[in-house]
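Build the full structure now, drawing on both the sequences and the hints.
If you're matching positions, the sequence shown starts at 1 in the UniProt record's numbering and goes up one per residue.
Hints listed in this document are in silico derivations from the structure and should not be mistaken for laboratory results. You may find that some hints are simply not true.
[Stated by the list, open to error] Pairs of lysine-lysine, BS3-like flavour, derived with a Cα cap of 30 Å:
{"#": "1", "residue 1": "Lys109", "residue 2": "Lys385"}
{"#": "2", "residue 1": "Lys303", "residue 2": "Lys325"}
{"#": "3", "residue 1": "Lys298", "residue 2": "Lys123"}
[Claimed, not checked] Here are the simulated distance ranges between beta carbons:
{"#": "4", "residue 1": "Gln314", "residue 2": "Thr289", "range": "17 to 27 Å"}
{"#": "5", "residue 1": "Lys334", "residue 2": "His99", "range": "39 to 49 Å"}
{"#": "6", "residue 1": "Thr103", "residue 2": "Lys177", "range": "20 to 30 Å"}
{"#": "7", "residue 1": "Lys142", "residue 2": "Ile299", "range": "23 to 33 Å"}
{"#": "8", "residue 1": "Tyr219", "residue 2": "Glu267", "range": "27 to 37 Å"}
{"#": "9", "residue 1": "Pro152", "residue 2": "Ala383", "range": "53 to 63 Å"}
{"#": "10", "residue 1": "Val284", "residue 2": "Lys346", "range": "35 to 45 Å"}
{"#": "11", "residue 1": "Asp384", "residue 2": "Pro304", "range": "32 to 42 Å"}
{"#": "12", "residue 1": "Ser382", "residue 2": "Arg100", "range": "52 to 62 Å"}
{"#": "13", "residue 1": "Ile299", "residue 2": "Gly88", "range": "27 to 37 Å"}
{"#": "14", "residue 1": "Lys334", "residue 2": "Pro152", "range": "35 to 45 Å"}
{"#": "15", "residue 1": "Val247", "residue 2": "Thr268", "range": "19 to 29 Å"}
The beta carbon of each residue, even a glycine, is placed where N, CA and C say it ideally should be.
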Amino acid sequence: MARRKGVTDKAPLLSESEEIDGYNAYADLACQIKCQFTTTLLPSATQKRMDEGAEVLYDVVGVFVIAFDTHAGNMVEWWTPEDLPVSGIEFKAMASGAHRVHTDFSYFKRGNLYGLSCFENMKVDNEEERGARMKSVGVLAKSYALLHLYMPFLQEQVRHLLEKPGSYNELLQFYLKWRGPPTLQPELQIERPYKTICDGMHSMEITHPAGCFSQFMNYFGEKIFLLWKFALLRKRVLFFSPPPIGVVCYRVYCTSTLVAHVYPDMETCLCPPNFYVNVTDIDVLAGQTAYVACTTEKIFESKPTLFDIFVDQQNLETSSPANRKLMELSVADKLKYSHLLELRSKCQPLMVNHDTDESWFTGFFMAQNTQLFKELFEVSKSADKLWTEEHMKRVGLDPSGDRQFLSELVERYGIDIVLITDSACCPA
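In structure tokens form, the structure reads like this:
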């Protein structure tokens with residue numbers, strides 16, 4: 001809980017020309033870490049692991065085929081194993097409005113499982129199908145971390161099934177090859193926390209498609225630091241876009257990784273991704289206090305109780321006055337974005353293919369978040385618990401413009417500090 005000593009309305013204390021104390025150090029660290037992994041984490045190494053059948057890849061729970069029927073709508077055409085829970089999955093694997101695009105894909109969450117489906121719309125000379133045959137082929141797994149590795153196969157299979165309906169043998173063989181072992185009982189599951197930034201970088205390096213973070217950064221620009229704040233505050237972030245929805249699923253993933261950290265004794269997933277959602281998920285979303293998701297259904301915009309921030313293309317919207325104050329870029333946000341641009345230009349030339357290794361991005365935010373939590377918890381354990389403007393600068397925050405963000409942050413995580421300004425003291 002934050003307690004405030006002194007309140008001031010003065011202009012930001014950090015000018016655009018000032019450096020953020022300590023910031024360059026961990027920005028450089030992010031680049032150094034990235035360089036250490038250039039020989040071990042290239043996509044070829046990832047593919048080799050998949051080809052060799054590394055244990056981590058045996059996480060497939062099931063595969064399925066969704067078809068669009070002109071009379072019944074979306075329907076589950078085929079699935080394996082027989083006990084796979086497929087009821088309702090037809091609305092997850094074939095996004096609302098998909099008939100308007102030729103190809104698409106979607107990531108989604110279903111209970112404790114994650115899915116990836118690939119969609120294609122093929123023209124046919126068939127009155128019964130009204131000139132179009134639409135299918136999605138998907139996979140359910142225990143984690144979303146490696147789903148993108150299955151995408152080429154799924155894209156190949158959806159085309160195959162459009163041309164030769166009923167040919168499921170290759171899907172069955174895929175499942176038999178990559179199916180995971182039975183899920184452990186909760187008391188037997190072991191989660192190894194990250195111990196170092198290098199551990200965290202190694203884990204994240206194989207979880208995203210090439211170019212994902214660069215495209216995210218180019219699309220939102222400085223606003224990624226607004227998304228960072230909402231994600232770190234564990235708020236409900238909902239992206240909207242008409243189909244295709246696949247690229248928006250990547251924005252969901254990128255937002256969830258903005259809050260990666262390696263601080264001990266804290267859960268590693270601070271902003272869980274729900275990926276694609278639709279009206280059938282309204283009850284689930286209503287019961288969640290933190291998530292990041294995307295939808296193709298505009299009706300969600302009229303239900304502000306389901307989200308804290310609604311991201312329509314590049315526009316960030318909220319109906320909450322308190323959240324609206326968090327949507328103003330601070331001087332520190334602009335400085336951090338400038339540092340991020342510099343880091344990209346510094347690190348990317350070291351790679352043969354710039355899009356294949358983006359640990360400069362993940363390392364930047366991992367270092368940022370770890371430093372922030374480290375400073376906050378150290379102050380909370382001190383005798384006076386005083387958090388000063390120097391602390392704000394040290395963790396890359398604007399002493400004035402980011403005060404509300406910090407206040408909400410310590411409340412959210414139960415960190416007991418006393419906020420200080422250079423004006424006279426007054427009650428919190």
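Hint check results:
no.: 1; hint: Lys109 - Lys385; result: 41 Å, violated
no.: 2; hint: Lys303 - Lys325; result: 20 Å, holds
no.: 3; hint: Lys298 - Lys123; result: 27 Å, holds
no.: 4; hint: Gln314 - Thr289: 17 to 27 Å; result: 26 Å, holds
no.: 5; hint: Lys334 - His99: 39 to 49 Å; result: 42 Å, holds
no.: 6; hint: Thr103 - Lys177: 20 to 30 Å; result: 25 Å, holds
no.: 7; hint: Lys142 - Ile299: 23 to 33 Å; result: 31 Å, holds
no.: 8; hint: Tyr219 - Glu267: 27 to 37 Å; result: 28 Å, holds
no.: 9; hint: Pro152 - Ala383: 53 to 63 Å; result: 58 Å, holds
no.: 10; hint: Val284 - Lys346: 35 to 45 Å; result: 42 Å, holds
no.: 11; hint: Asp384 - Pro304: 32 to 42 Å; result: 41 Å, holds
no.: 12; hint: Ser382 - Arg100: 52 to 62 Å; result: 58 Å, holds
no.: 13; hint: Ile299 - Gly88: 27 to 37 Å; result: 18 Å, violated
no.: 14; hint: Lys334 - Pro152: 35 to 45 Å; result: 39 Å, holds
no.: 15; hint: Val247 - Thr268: 19 to 29 Å; result: 26 Å, holds
Hint check: violations occur at hints 1, 13; the rest are consistent with the structure.
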